[in-house]
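Heads up: the protein sequence lines correspond to chains L and Z, in order. If you count the first sequence from 1, position 252 lands on 252 in the numbering used here, and the numbers rise without skipping. Just so we're on the same page, the numbering used here is the position in the second sequence counted from 1, plus 405.
Think of the hints as simulated: they come from the structure by calculation, not from any bench. The reader is advised that the hints may include incorrect statements.
[Claimed, not checked] Per label pair, the in silico range of CB-to-CB distance:
no., chain 1, residue 1, chain 2, residue 2, range
1, Z, 453, L, 131, 33 to 39 Å
2, L, 335, Z, 593, 41 to 47 Å
3, Z, 469, L, 289, 14 to 20 Å
4, L, 85, Z, 598, 31 to 37 Å
[Stated by the list, open to error] Covered by chain L, according to a simulated footprint, are these stretches of chain Z (three or more residues, beta-carbon under 8 Å):
no., region
5, 465 to 478
6, 558 to 568
7, 592 to 601
8, 608 to 621
Glycine included, each C-beta is placed from N, C-alpha and C at the ideal position.
Next come the chains, spelled out residue by residue.
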Amino acid sequence: MDFDVETWVKLAAYTGGGIAMGFGAIGAAIGEGYTAAQANLALSTNVKNSGSIVKNMLVGQAVAESASIFALVVAILLLFIDVPVPSLLKAASLLAAGISMGFGAIGAGIGSGIPGGDACLGIARKPEMAGRFTTTMLIGSAVCQTPAIFAMVVALILMFMNFGQGSLHLNWAAHLGAGICMGFGAIGSGIGSGFPGGKACLGMAEQPEASPRLMTTMLIGSAVCQTPAIFAMVVALILMFMKFGNAPLHPTWAALFGAGISTGLAAIGSGVGGGMAAGASCEGIARNPETVGKVTTIMLVGQAVSQTPAIFGLLVSFILIFKTFPESYTLSAAMALLGAGICMGFGGIGPGIGTGMTAESAVRWVARNVEHAGDLMRTMLVGQAVSQSTAIYAMVISLVLIFVV
Amino acid sequence: MENLGKIHQLIIPLFGYKITINLEVIIMTWIVFVVLIIFGLFASRKKDILPRPIQVLGEMIVSTFYQLTEDALDKEMARKYSPLVCALFMFLLLSNWLGIIPHLEEPTKDLNTPLGLGLMGFAIAHYAGIKSKGFKAYAKEYFQPMFFMMPLNLIGELSKIVSISFRLFGNIMGGSIIILVVSYLTYSAVLPPLLNAFFGLFVGTIQAFVFTMLTLVYISVQVK
Numbered sequence: 001m002d003f004d005v006e007t008w009v010k011l012a013a014y015t016g017g018g019i020a021m022g023f024g025a026i027g028a029a030i031g032e033g034y035t036a037a038q039a040n041l042a043l044s045t046n047v048k049n050s051g052s053i054v055k056n057m058l059v060g061q062a063v064a065e066s067a068s069i070f071a072l073v074v075a076i077l078l079l080f081i082d083v084p085v086p087s088l089l090k091a092a093s094l095l096a097a098g099i100s101m102g103f104g105a106i107g108a109g110i111g112s113g114i115p116g117g118d119a120c121l122g123i124a125r126k127p128e129m130a131g132r133f134t135t136t137m138l139i140g141s142a143v144c145q146t147p148a149i150f151a152m153v154v155a156l157i158l159m160f161m162n163f164g165q166g167s168l169h170l171n172w173a174a175h176l177g178a179g180i181c182m183g184f185g186a187i188g189s190g191i192g193s194g195f196p197g198g199k200a201c202l203g204m205a206e207q208p209e210a211s212p213r214l215m216t217t218m219l220i221g222s223a224v225c226q227t228p229a230i231f232a233m234v235v236a237l238i239l240m241f242m243k244f245g246n247a248p249l250h251p252t253w254a255a256l257f258g259a260g261i262s263t264g265l266a267a268i269g270s271g272v273g274g275g276m277a278a279g280a281s282c283e284g285i286a287r288n289p290e291t292v293g294k295v296t297t298i299m300l301v302g303q304a305v306s307q308t309p310a311i312f313g314l315l316v317s318f319i320l321i322f323k324t325f326p327e328s329y330t331l332s333a334a335m336a337l338l339g340a341g342i343c344m345g346f347g348g349i350g351p352g353i354g355t356g357m358t359a360e361s362a363v364r365w366v367a368r369n370v371e372h373a374g375d376l377m378r379t380m381l382v383g384q385a386v387s388q389s390t391a392i393y394a395m396v397i398s399l400v401l402i403f404v405v
Numbered sequence: 406m407e408n409l410g411k412i413h414q415l416i417i418p419l420f421g422y423k424i425t426i427n428l429e430v431i432i433m434t435w436i437v438f439v440v441l442i443i444f445g446l447f448a449s450r451k452k453d454i455l456p457r458p459i460q461v462l463g464e465m466i467v468s469t470f471y472q473l474t475e476d477a478l479d480k481e482m483a484r485k486y487s488p489l490v491c492a493l494f495m496f497l498l499l500s501n502w503l504g505i506i507p508h509l510e511e512p513t514k515d516l517n518t519p520l521g522l523g524l525m526g527f528a529i530a531h532y533a534g535i536k537s538k539g540f541k542a543y544a545k546e547y548f549q550p551m552f553f554m555m556p557l558n559l560i561g562e563l564s565k566i567v568s569i570s571f572r573l574f575g576n577i578m579g580g581s582i583i584i585l586v587v588s589y590l591t592y593s594a595v596l597p598p599l600l601n602a603f604f605g606l607f608v609g610t611i612q613a614f615v616f617t618m619l620t621l622v623y624i625s626v627q628v629k
């Protein structure tokens with residue numbers, strides 16, 4: 001079989017299209033299922049208002065679907081894309097576009113199902129506020145879509161930007177790294193920003209007069225838990241637009257791959273963790289609206305700490321991108337750099353979720369026990385520091401792999 | 406698109422060393438200083454029992470951060486540290502907001518600014534810790550829970566500087582890169598003002614608050 005450049009481009013476009021739609025279908029399906037499940041639960045408690053519950057369920061599902069519609073659009077574009085000047089670099093970009101959109105849609109799909117389902121439960125409890133629940137649900141789900149939109153922007157840039165012909169040198173690795181980084185980096189933030197949306201809907205059912213406060217807290221909480229996705233997008237954009245000059249091909253390609261993996265994977269845990277803390281703060285404010293100041297402060301501190309693994313991932317990525325490595329044709333040098341990225345990436349997932357759990361329960365209990373807010377915060381920080389230490393071990397090993405090995 | 410990650414630097418050769426000065430960052434930082442000083446003068450000039458709007462704004466900021474400091478530390482220490490906390494927040498807030506004005510750049514977009522502030526917070530926290538507990542009790546904490554955990558505790562403490570400064574830097578620089586790329590792709594139509602409002606005003610405010618609160622929390626963890 002003869003593999004010329006055009007065949008490679010077609011191959012990459014079809015593979016990328018398959019990845020985009022295949023993985024992109026996962027999240028939305030789960031999210032819609034959750035919405036439908038909660039709608040059933042809501043119907044069983046309040047059969048009289050079945051009409052508005054079903055209507056809300058359908059609207060919620062339609063919003064949750066949009067993540068996979070983004071994936072569908074990118075997949076169709078990839079299948080029928082017409083590349084004017086085929087090059088191997090374009091092939092890498094198309095594959096990366098598929099990876100970015102496919103994985104990037106998972107989190108947003110799951111996350112935006114949560115407000116939809118919880119809004120149905122809210123309508124069952126307070127049918128007269130159906131309009132407000134639908135609005136809150138729409139805003140909450142729209143915020144969840146942001147990471148998927150980031151992923152789509154990166155995918156479209158990769159597909160349609162003209163990066164110049166023939167400059168294959170290193171840019172292929174950078175483009176694939178960018179796709180991986182944005183795709184995985186969007187998962188956590190997408191799932192995480194669903195929690196505050198859902199809890200805000202439930203909270204409004206419990207405490208309707210606190211609705212404006214709940215809406216503000218929801219927006220602040222989900223904006224902060226988007227930070228890991230923003231980090232992933234920054235690394236992806238730097239990787240795409242950087243000029244590499246005369247950097248040696250070996251082992252720099254592994255460093256660029258590693259840079260993508262490091263921030264992309266480390267952002268998953270931090271995104272989910274930040275979302276858990278934000279969800280608990282909405283729950284807490286609904287329980288006791290007077291505590292809004294303390295709850296928000298502790299939520300922000302807890303989220304900030306649970307973002308630390310993503311920041312370590314960002315640091316490792318920056319070192320991998322901007323450090324110049326001496327030319328070496330041995331495989332071990334390349335594998336050390338790739339290993340550094342993988343180590344920090346996977347090492348960051350657990351601490352992000354773990355510290356998020358700590359923050360979640362601390363924030364929840366502050367609302368019930370506001371006079372002990374100081375003690376709760378201190379316990380939270382000490383506990384988080386211990387669970388953070390695994391991320392620090394991962395960072396130490398990554399830095400050793402980069403600078404010593 | 407060529408502006409991505411470009412920094413204007415003044416490089417002065419001096420006895421074989423090169424002194425690099427990021428001119429733009431310094432100018433922008435001075436703009437923030439000047440605005441803050443003017444605000445302070447206007448807020449405290451002609452103090453009255455019936456305050457004018459600008460005095461109300463000043464009093465509101467000061468009292469909010471005094472209250473936050475008092476919650477985290479105690480009353481006596483709050484008198485000492487609340488001016489720092491309040492000034493830090495106002496500086497960061499204006500710095501993060503500066504980017505929405507055309508031709509001006511956020512000083513916090515350059516890693517040197519957040520890193521400097523992070524180091525400052527770190528040094529102050531440890532100074533406060535040594536002062537309130539005494540050096541022996543302070544040093545003893547590094548050998549908890551076991552003596553061989555000392556290197557890890559040390560790295561954990563140092564990683565706080567990394568996380569606090571990279572959080573601010575990543576958010577502000579990330580926002581400005583996203584605005585740049587989207588403006589380029591859409592030929593600056595429709596979207597950039599909304600993005601500026603989100604990344605400049607909203608995220609900028611939250612990140613300024615988070616940075617300030619974390620500095621305060623680091624102090625309070627060392628003190629207690």
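Item to check | Violated constraints from the hint list, given by number and in increasing order | outcome: Checked against the structure, the hints that fail are numbers 1 and 7, while the rest are satisfied.
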